[in-house]
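Enquirer: Protein sequence lines, in the order shown, are assigned to chains F and D.
Terminal number for the first sequence in my numbering: 230, no gaps in between.
Terminal number for the second sequence in my numbering: 338, no gaps in between.
If you are wondering where the hints come from, they were derived from the structure by calculation, not from laboratory data.
A couple of the hints might just be wrong.
[As the list claims (entries may be wrong)] In silico BS3-like links for lysine-lysine, alpha-carbon gap of 30 Å or less:
id: 1; chain 1: F; residue 1: Lys212; chain 2: D; residue 2: Lys298
id: 2; chain 1: F; residue 1: Lys50; chain 2: F; residue 2: Lys212
id: 3; chain 1: D; residue 1: Lys330; chain 2: F; residue 2: Lys141
id: 4; chain 1: D; residue 1: Lys284; chain 2: F; residue 2: Lys76
id: 5; chain 1: D; residue 1: Lys330; chain 2: F; residue 2: Lys76
id: 6; chain 1: F; residue 1: Lys211; chain 2: D; residue 2: Lys330
id: 7; chain 1: F; residue 1: Lys80; chain 2: D; residue 2: Lys330
id: 8; chain 1: F; residue 1: Lys169; chain 2: F; residue 2: Lys112
id: 9; chain 1: F; residue 1: Lys132; chain 2: F; residue 2: Lys143
id: 10; chain 1: D; residue 1: Lys298; chain 2: F; residue 2: Lys92
id: 11; chain 1: D; residue 1: Lys274; chain 2: F; residue 2: Lys143
id: 12; chain 1: D; residue 1: Lys274; chain 2: F; residue 2: Lys50
id: 13; chain 1: D; residue 1: Lys274; chain 2: F; residue 2: Lys112
id: 14; chain 1: D; residue 1: Lys284; chain 2: F; residue 2: Lys132
id: 15; chain 1: F; residue 1: Lys3; chain 2: D; residue 2: Lys284
id: 16; chain 1: F; residue 1: Lys200; chain 2: F; residue 2: Lys212
id: 17; chain 1: F; residue 1: Lys123; chain 2: D; residue 2: Lys298
id: 18; chain 1: F; residue 1: Lys143; chain 2: F; residue 2: Lys169
id: 19; chain 1: D; residue 1: Lys274; chain 2: F; residue 2: Lys92
id: 20; chain 1: D; residue 1: Lys298; chain 2: F; residue 2: Lys163
id: 21; chain 1: F; residue 1: Lys211; chain 2: F; residue 2: Lys92
id: 22; chain 1: F; residue 1: Lys163; chain 2: D; residue 2: Lys330
id: 23; chain 1: F; residue 1: Lys76; chain 2: D; residue 2: Lys286
id: 24; chain 1: D; residue 1: Lys274; chain 2: F; residue 2: Lys229
id: 25; chain 1: F; residue 1: Lys50; chain 2: F; residue 2: Lys3
id: 26; chain 1: F; residue 1: Lys3; chain 2: F; residue 2: Lys212
id: 27; chain 1: F; residue 1: Lys123; chain 2: F; residue 2: Lys143
id: 28; chain 1: F; residue 1: Lys154; chain 2: D; residue 2: Lys284
id: 29; chain 1: F; residue 1: Lys123; chain 2: D; residue 2: Lys330
id: 30; chain 1: D; residue 1: Lys330; chain 2: D; residue 2: Lys286
id: 31; chain 1: D; residue 1: Lys286; chain 2: F; residue 2: Lys229
id: 32; chain 1: F; residue 1: Lys80; chain 2: F; residue 2: Lys212
id: 33; chain 1: F; residue 1: Lys200; chain 2: F; residue 2: Lys141
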Amino acid sequence: MTKLVRLIDQNRCMGCRACVSACAVENYFTPDAPWNVMVEYEVGTYPAVKRVYNTMNCMHCEQPSCKAACDAVGAKAISKNQFGVVLVDYDKCIGCGYCAAVCPYGVPQLNKSVAELYPGQGKSGAETIPYKDRHPTHRKKAKVVEKCTFCAHKLDQAVADGKVDRIGKDQAYTPACDLVCPVQARMFGDIDDPNSDVSKRIKATGAVQLKKQFGTGPQVYYALAEGAKS
Amino acid sequence: MKGLIAAVVLGMAMAALPVAAADVTTTKPATKPAASAKSLDPVKGAFHRTHTQKLKMSCDTCHSAELKDVLFLRGAEVAASGPGPVDRALCLGCHQAPAKPTWYGATK
Numbered sequence: 001m002t003k004l005v006r007l008i009d010q011n012r013c014m015g016c017r018a019c020v021s022a023c024a025v026e027n028y029f030t031p032d033a034p035w036n037v038m039v040e041y042e043v044g045t046y047p048a049v050k051r052v053y054n055t056m057n058c059m060h061c062e063q064p065s066c067k068a069a070c071d072a073v074g075a076k077a078i079s080k081n082q083f084g085v086v087l088v089d090y091d092k093c094i095g096c097g098y099c100a101a102v103c104p105y106g107v108p109q110l111n112k113s114v115a116e117l118y119p120g121q122g123k124s125g126a127e128t129i130p131y132k133d134r135h136p137t138h139r140k141k142a143k144v145v146e147k148c149t150f151c152a153h154k155l156d157q158a159v160a161d162g163k164v165d166r167i168g169k170d171q172a173y174t175p176a177c178d179l180v181c182p183v184q185a186r187m188f189g190d191i192d193d194p195n196s197d198v199s200k201r202i203k204a205t206g207a208v209q210l211k212k213q214f215g216t217g218p219q220v221y222y223a224l225a226e227g228a229k230s
Numbered sequence: 231m232k233g234l235i236a237a238v239v240l241g242m243a244m245a246a247l248p249v250a251a252a253d254v255t256t257t258k259p260a261t262k263p264a265a266s267a268k269s270l271d272p273v274k275g276a277f278h279r280t281h282t283q284k285l286k287m288s289c290d291t292c293h294s295a296e297l298k299d300v301l302f303l304r305g306a307e308v309a310a311s312g313p314g315p316v317d318r319a320l321c322l323g324c325h326q327a328p329a330k331p332t333w334y335g336a337t338k
């Protein structure tokens, strides 16, 4: 089995937001419904204080509360694929917002209207791809929920090309946010492979999941800065 | 003549019927969603109705002007005029214990 996970190293992150920008461009999310945000907060007591940068995107939980809620209302728009990636089917989503209400991480974003990434400046980059030619996760609709997909369009391409083993290694098969980090604070790969770089680094850094008390089993790990919240 | 036209129209309608029926069955969800797009509406939404009307919970049971939990992907600042955000940790009191309605760890 291949279980894809992400590692975010707070000890390296400097809050530059390159990952947020890369996600915005790659997935042209509506600014009011972001798929990736940078959360900042301070820890310590003066004069020994410091700032923690905690970038947040979907945790792709093993027991996703969003999916439980969606199934309970009967929409069944949320699923997990063979890599453990949690995806929303825009055609099935009824826009009830239950998933947003129950996610411990506040991830699902109810997109009220499909807006251009650069309003008033025309379409840019991948926005110019004809609607029917887009990956299903990019066929945006108003009044449905959106969120990070671990760049599912790239993962599907890896499957189509028979290069699943290159996920997290090749640019074409790695999420945009993980590619652009200038300080290698992000890493993506298969945690079921004990020899993968991400497995080794999670072990070496003692990285943990956030908010474990919810029991959702996030597939995003954080190497916490000293004093950081988990 | 009128009878002939009526027969042709009726025939065309009958021929199109199976196709239309097939379209309906493929697009209609298998089960009717119990929630609507108004679910988060404070007055009409089922989510709030369950907590406020059925469980008789007051607003400040869940909502707080100060959210202590910063690890939250928030698209925009919470409106100052609103009752404040909900700290999800509060939900665990009812929604994680065994044999209670639960979202968290629900698929274990």
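Enquirer: Which of the listed hints are broken here?
Expert: Of the numbered hints, 3, 8, 10, 12, 14, 15, 17, 18, 20, 22, 24, 25, 28, 29, 31 and 33 do not hold.
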